[in-house]
Amino acid sequence: MQHKWSILLLLLLSTLSLSAVNISGTISYERVHPLHNGSSTKLNWSNISTEKAKQVIVEAINNSGNSIATTSTDDNGKYLLSNLPSNTNVKIRVYAKMFKSSKWDVKVIDNTNANALYVIEGDFASTGTQNSRRNLKTLASTKQSPPFAILGSIYQAMQKVLKADSSVVFPSLKMNWSVNNTESGTYYDGNDNIMIQGDQKGDSDEYDDHIMIHEWGHYFEAKFSRADSIGGGHASGNHLDIRLAFGEGWGNALSGMVTDDPIYFDTMTSAGTAVGWNMNVENATHDTPGWFSEASTQRILYNLYDSHDDTTDHLSLGFKPIYEVLVGPQKTTKAFTSLFTFITALKEKQPSSTQKIDAIVGNEEIATIDDIYGTNRLSNVEAITLPLYTPLTINRVENNICTSSTYGISNKLNNHKYIKFDINENKSYPIEIVQTNGRTSDPDFAIFQTSPFKQIALQESGTQGSEKATYTLPKGSYILDLYDIKNTQKACFSVSIGDKSDTEPINNSNESSSNSVGISLPENKFIALLFILGITILPTLFIRKELKI
Amino acid sequence: MKKTKLLLAPLLIVMGLQAKPTEETKVENSNIKSGTTLGHYQKPGAPIDMSYDSTKVNAGEVSDINITLTTSATSGTMHVSITFDEAIKNVNNTEENLTFEVTPEQRSFPINIQASSDIDGLHYIRLLTKVDKGTASKLRAFAVPMYVGDLKPKAKSANIMKAMSGENISVSKAVETIEVIE
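Protein chains in written order, with the numbering used here: chain A, 108 to 656; chain B, 960 to 1141.
In case anyone wonders, no lab produced these hints; they're calculated from the structure. Glycine included, C-beta positions come from ideal geometry on N, C-alpha and C. Mixed in with the good hints, there may be bad ones.
Stated by the list, open to error - Sample of chain A residues with no beta-carbon within 10 Å of chain B, all distances over it, derived:
no., residue
1, L269
2, D529
3, S573
Unchecked claim - The calculated DSS-like cross-link candidates involving lysine-lysine, where the alpha carbons are at most 30 Å apart (straight line), are:
no., chain 1, residue 1, chain 2, residue 2
4, B, K1092, A, K308
5, A, K582, A, K330
6, B, K1092, A, K593
7, A, K281, B, K992
8, B, K1132, A, K308
9, A, K149, B, K1092
10, A, K161, B, K1121
11, A, K207, A, K159
12, B, K1048, A, K149
13, A, K607, A, K597
14, A, K270, A, K159
15, A, K161, A, K427
16, B, K1092, A, K597
17, B, K1121, A, K159
18, A, K149, B, K1132
19, A, K593, B, K992
20, B, K1092, A, K250
21, B, K1132, A, K185
22, A, K210, A, K185
23, A, K427, A, K463
24, B, K1121, A, K185
Bound-form chain A, shown alone (with noise of 0.2 Å):
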């Protein structure tokens, strides 16, 4: 009897391994590396290897095309398949996509073809009887690599991130690919999306990491920091918004900081030529150095973050200091986000590291930082550039508030001018502004309250040379972000939020106001009909008078 129950046994186990099998393997992608000639870098054909496809998912898919196991590979690109059936025809199929619940949940897709993922695939082959090992790889050549190329990228930056804090949950995120992304530009739209050029007869970007690691920081800025970047062109010699400056240096630096290697490049091609250039963000030449300076940003937060000691970095923070205080103060700051905010809670919370971080941020001849409204900044921009805050008090009215596109339009220093005042009354206050050296500007404004901070009104009525508006302010500390967006050699304001009832006017600058041009018409409607009234009926009054009508 027992004989029988032991044969029966074994028949069993034996039934069992034939009806699963494992299959297991290593997913993996080629990438294709720079070749750094001085400021010139190139993609060197001649210089690829072959990398890991970590954390991306795997599946088995049977003859209906059904997925009958799934999984994710580790961090070495290896995959595990358990107990799929035997004698079945499946193949292995890769998604261009991380997963991990409650972690994180990236995927390339195609924007120009139904947002369609990019998946590769093996051949169906039988399962058979034994396990086996299915090993895919993608080939640079054939444009399967890109997708996977820029997930290893963005995988890394989230490494780094995660060294800093394993608490980190990363929101979705979608990054669009396509050989036909010819016009659309790399960058990130605000929200969960990473539009990626990939025009192989120009500009692609799927191999130029740090470019991949610089838009990635502007998401990680935006999901877990604050931006108050107000985007659009800039480049390294600029004067930019003190915010877009900040955003700008952030990402260039990260891109330094992820991969530890601070080379920022960016490859294309032209007339079938590779071409491209690079940059050094821990120490290319001082173009126009200062606070507001994408470049000056991106030197001084990487050499906060190196280990690389040189004439004026003695610091080596790491990355967990830099990513406490963007999480951090940074992302509750009362001013706009920039050096100035980024540097004064970095001073708060590594106090021992005061004198080296000074130093650090003096090698951008920039004066010491002591508050986030970047106060006592040296005189070495326009007059009317300071001071970047303007104090108002209400009821007053402050003149020679003056926007100017010196440095450029739309994004640029001094297109944009910052007035902070306190509320102590919680009610309606009109709020004007008049341009007071011609009617050549169209200022608009934002008014931003600073706890929590958040944009709370927008006025953007087009009205020629001012703009009013009223709005109930309750109790609290308030910046009111003035702009021209005709771009105005130099438009000068008086600013007033209140009723004017103390009307003496301050004079915010040295400059001195301009009169109008021409005739002005009263503000005030009432007035103004008064006005006209005076000028029509009082001629005919007297012509009637003389025609005895």
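On the provided structure of chain A, position chain B as indicated by the hints.
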């Protein structure tokens, strides 16, 4: 009546003063495609923006393409290398390597191209640009579309399928090795 007119006149004048000027009525030409990078998000690179108008034409016809390159630099030399898709003929023999001197007063540079193609479809004129100020120069690449013939909407590619989740997937074959594990 005269008194009424005299009284109404100033009222009408004030109403007129309050009225906003009407916007110029624009007659849109659907054959002209335009685009710009001005105001758009940009990755680091040369401080140059590009705007264009490109006239849609039929095969064999000449398209008038106007490109404007604008830089925020105030000095230096802007270099532009132009390449044409194989299907495009550079009818007016626009120079393919251009240079412009940048000054504070002159920061926008127009380029006119007359081009044609015998092949229907969407073709591209590509520009590689930089502003040379004697130090390391960053590059920026642009692509200007040229529309020829009827551009039919692209049919979904044959390699688009549905995954079990219902999501569209774009499938390609990988290089695979299979071995039995002893």
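To see whether the hints hold, each was checked on the structure:
Separation of A/L269 from chain B is adequate, the least Cβ-Cβ distance of about 25 Å exceeding the 10 Å criterion. With a minimum CB-CB distance of about 33 Å to chain B, A/D529 clears the 10 Å threshold, and the non-interface call stands. At roughly 13 Å, the least C-beta separation between A/S573 and chain B is larger than 10 Å, which holds for a residue marked as non-interface. Taken as a hint, the B/K1092 and A/K308 pair is honoured in the structure, with Cα atoms around 27 Å apart against an allowance of 30 Å.
For the proposed pair A/K582 and A/K330, the alpha carbon gap of about 28 Å is at most 30 Å, so the pair holds. Annotation: proposed proximity of B/K1092 to A/K593 holds, straight-line Cα distance about 29 Å (limit 30 Å). Between A/K281 and B/K992 the alpha-carbon distance is near 29 Å, which keeps this suggested pair within the 30 Å criterion. A threshold of 30 Å between alpha carbons decides the hint, and for B/K1132 with A/K308 the separation of about 23 Å falls inside it, so the pair holds.
A hinted pair counts as satisfied when its Cα atoms are at most 30 Å apart, and A/K149 with B/K1092 qualifies at roughly 21 Å. The suggested pairing of A/K161 with B/K1121 holds, with an alpha-carbon distance near 24 Å, which does not exceed 30 Å. Of the pairs offered as hints, the one joining A/K207 and A/K159 holds, with about 18 Å between alpha carbons and a cut-off of 30 Å not exceeded. Taken as a hint, the B/K1048 and A/K149 pair is honoured in the structure, with Cα atoms around 28 Å apart against an allowance of 30 Å.
Taking the CA atoms of A/K607 and A/K597, the gap is near 25 Å; set against the 30 Å cutoff, the hint holds. With a CA separation close to 20 Å, the supplied pair A/K270 and A/K159 stays within the 30 Å bound. Distance restraint check for A/K161 and A/K427: the Cα-Cα separation of roughly 24 Å lies within the 30 Å cut-off, and the hinted pair is therefore satisfied. As the CA atoms of B/K1092 and A/K597 are separated by approximately 27 Å, the hinted pair is consistent with the 30 Å bound.
In summary, the hint linking B/K1121 to A/K159 is supported, as the alpha carbons are separated by about 26 Å, within the 30 Å threshold. As the CA atoms of A/K149 and B/K1132 are separated by approximately 28 Å, the hinted pair is consistent with the 30 Å bound. Our distance criterion of 30 Å between C-alpha atoms is met by A/K593 and B/K992, whose separation comes to about 25 Å. Proposed proximity of B/K1092 and A/K250 is contradicted: the alpha carbons are some 36 Å apart, above 30 Å.
At most 30 Å may separate the alpha-carbon atoms for a hinted pair to count; B/K1132 and A/K185 meet this at roughly 19 Å. A distance of roughly 19 Å separates the Cα atoms of A/K210 and A/K185; the hinted pair therefore holds under the 30 Å criterion. With a C-alpha separation of about 17 Å, the suggested pairing of A/K427 with A/K463 holds against the 30 Å cut-off. Annotation: proposed proximity of B/K1121 to A/K185 holds, straight-line Cα distance about 26 Å (limit 30 Å).
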